Amino acid sequence: MTTFRYEKPSTLTGVVSRLSEVEGARPLAGGTDLLVQLRARALRPPLLVDLKGAPELQRLEGGPDGLSVGAAVILNRLLEARVLDGGYRALEQAVADLASYTVRNRATLVGNVTNASPCADSVPPLCVMEGRVEVLGPGGRREQLVQELISGNREVQLARGELVTRIIVPRPTAGTWSGFLKRKRVRGHDLALASAALLRDPERKRLRLSVGSCTPAPNLIVLDDMFAKPDAEEAARRAQATIHPIDDVRSSAEYRREMVSVMVRRLLAEMAAAV
Amino acid sequence: MEMPVKLTINGRTWEGSVPPELTLLRFLRERLALTGAKEGCGIGECGACTVLVDGRPVNSCLMLAVEANGSSLRTIEGEAGAEGVQGVREAEGARSGGELTDLQQAFIDNHAIQCGFCTPGMVLAAQALLERNPSPGDQEILEAIAGNLCRCTGYAAILRAVKQVAEKRNARGER
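Chains as they are written, first to last, in our numbering: chain A, 1 to 275; chain B, 1 to 175.
Heads up, a few of these hints could be off.
Unchecked claim - Computed list of chain A residues with no C-beta within reach of chain B, every gap over 10 Å: (1) S17; (2) E23; (3) D50; (4) E61; (5) S117; (6) P138; (7) S151; (8) Q157; (9) D225; (10) A228; (11) K229; (12) E233; (13) H244; (14) V249; (15) E258; (16) S261.
Claimed, not checked - Partner residues aside, some chain B positions facing chain A, computed with beta carbon under 8 Å: (17) E21; (18) P57; (19) E67.
Please keep in mind that the hints were generated in silico from the structure rather than gathered at the bench.
What you are looking at is a predicted structure, and each value in this text was computed from that prediction instead of being measured.
Ideal Cβ positions, reconstructed from N, Cα and C, are used throughout, including at glycine.
Just chain B, same shape as in the assembly (with noise of 0.2 Å):
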């Protein structure tokens, strides 16, 4: 028996129903085609899967998507400013759009990313830490990632990107 969803996405509102089991890793990569968020291990542990719901980071596979009622989510794909909802089976070809965050050029720059399928998990909880604390020391940022495993950078390039956007929007007088 599906159960009725009002959410945002994105800044976007989705409306539909949804089976109770569906995880809601599943509803955002199989429902609203949002791939950005991976499974890594489905069990919360790896933290691949990491989207922001209500600006708390947490791993979508421990969530059912009928719980994410009335929240408002955010996924790697709303970062950027890109398109981040293509509904239904609609906006067909729609590609993303926008200009990186500071936080995903920064990745690039350190060279924080290899695979790249820790990444959308490993910003968005970073970004998160830097929302909640505007200037982390490094025991703050290994304790705010290390719900998210990278089998590739072995985190030093992770910590400094995470680092240097910390120092850079502190300099520039942001929150």
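Okay, chain A solo, but in the shape it has when bound (with noise of 0.2 Å):
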């Protein structure tokens, strides 16, 4: 492990000021990639901020005017809220299925989407439902969807100083139904081989696909143009026309791309069930 400074901030403001102040600060939420990092000597960071003391970064809100998530905010509170219930079925089914019970004491959504690996469960679901974040910096304040704040393999569009303070999820209209299946090696605790979620937005007449663990950056698949008579083959296509899926330890490619497939699939089935 290599050393650093630390520091507790109790505003957003000081953890703000903290993260532009020093070259290569980093912020630490949940800990669960951050020290895994550290360990392997992959980041060196002078200082870690801890974002836990801060009680703007620990909000959680859902209600009519969507989904607020605070960075600071542990995996299992926002299952335990509840807030996940009214319509955002494939964040929900993502955030349960993520890690183990025992990290999502600790992990937190923002971290999940902020270290970008490209099997984060969450970036899927966060991306058919047009989720965004709020970035704080020396700049000032700004929104981004997620699928533009990832630009690749653990790449996020942040400049120094600049701090993702939460995830902000539209709220879905009447009738949006989502769903989410992850692949994985074994039914325990394990990295998406391959993920895919689907929402279907009923009032603006919306079919969106999203695979996981197959692109270095989010993926976003439009099949608005099928939304009165969605064809599963076609959308598999689609898919398969997206996705860049490689080797490694937990797949091969070519199983990710059948797995994709039979996802797809299976998504719309289910969605055709429950509509």
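Can you join these two chains into the complex? Each is in its own frame, and there are hints to help.
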């Protein structure tokens, strides 16, 4: 483990100041990705700024205005609060199967997104739900779609001193259906070797699909043109056209491709049965 | 530069300072001589390092000791009413005593322990489950211990032990 300084500001302003003042300073929320990287010496930050002391970052809200998940909110708290019950089904399914219950007592939704692993389970659901990040930095405040924040494998479009303070998910329109499937090697704690999220919005006549673990950056496939008559084979074909799966310890590329088609078909069948 | 830390461990207060990069796991094992928590992988995948922080099971290999400042910690040593804190170099040779919990006894009775390496973490994960859900179904038990890998038992005996305890506690009207 590398050595570093540690600070825990008691305000969001304090957090943002320290992250911009100290070059290479990194935010610490759950630490479930960061500590692994520190241990492997993949990162050597001079300073860790603990986010958990800033009350603003602990806020969790789910209501008529949508969902707001602060950067320090642990995943189990997100599940226990039942704010995902109202139409955020794909996100709820993804979070409920992320890592393990024990990891979810520390890991955060913002951390899952900003770590930007291609296998991040929350990303496909957030993409089909038009989830956004709120970013605070020396230049002020901005919002960005999750699929625009993440530009590649562990690459996020954040300038020095910028912090993702929360994830915002617009309230789904009434009648929206979504679903998420995750293919793992084991039934327990495992990364996705492939995943898929599907969303059907009857009010705006949208059908959106996102495949996980098969591209370096987030993947979003627009199937709006088949909203009235979904075609599983065409949807699977379009998914195949967008993905670049690799061979790795978890799976062969060939199996990933196969599983993507299977999951697309299953999600469309599940959707047809539900709506 | 060391950071001040004050926490409770198995009901007793500990106050001192720690280097920022010291993990909670190493703090427990090396500073408190509480070697029940084990390092099986060091990256939060095996659960052998599982301890309870403010009632929640966590992988102590993925926490910094300084992050536990202000928290209430429970390790396996505290479950049976043992002497949970030996302090820094104090109580040399102190032995843990006390009666095993019903869950610990159930693990023994059901042969849910072979090498024992996963056991401290497994027992704490199961205990935390029963504290938040006194009547778990099989799937709920398996989900709760999915972060605790066991290479020896094949999990069936562990599942039996946890179910047995849940049934007995519920029959006695306990939560």
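How the hints compare with the structure:
no. : hint : in the structure
1   : S17  : holds, 19 Å
2   : E23  : holds, 18 Å
3   : D50  : violated, 7 Å
4   : E61  : holds, 22 Å
5   : S117 : holds, 14 Å
6   : P138 : holds, 25 Å
7   : S151 : holds, 26 Å
8   : Q157 : holds, 27 Å
9   : D225 : holds, 39 Å
10  : A228 : holds, 38 Å
11  : K229 : holds, 37 Å
12  : E233 : holds, 34 Å
13  : H244 : holds, 26 Å
14  : V249 : holds, 13 Å
15  : E258 : holds, 25 Å
16  : S261 : holds, 28 Å
17  : E21  : holds, 5 Å
18  : P57  : holds, 5 Å
19  : E67  : holds, 7 Å
Hint 3 alone, counting from the list given before, is not met by this structure.
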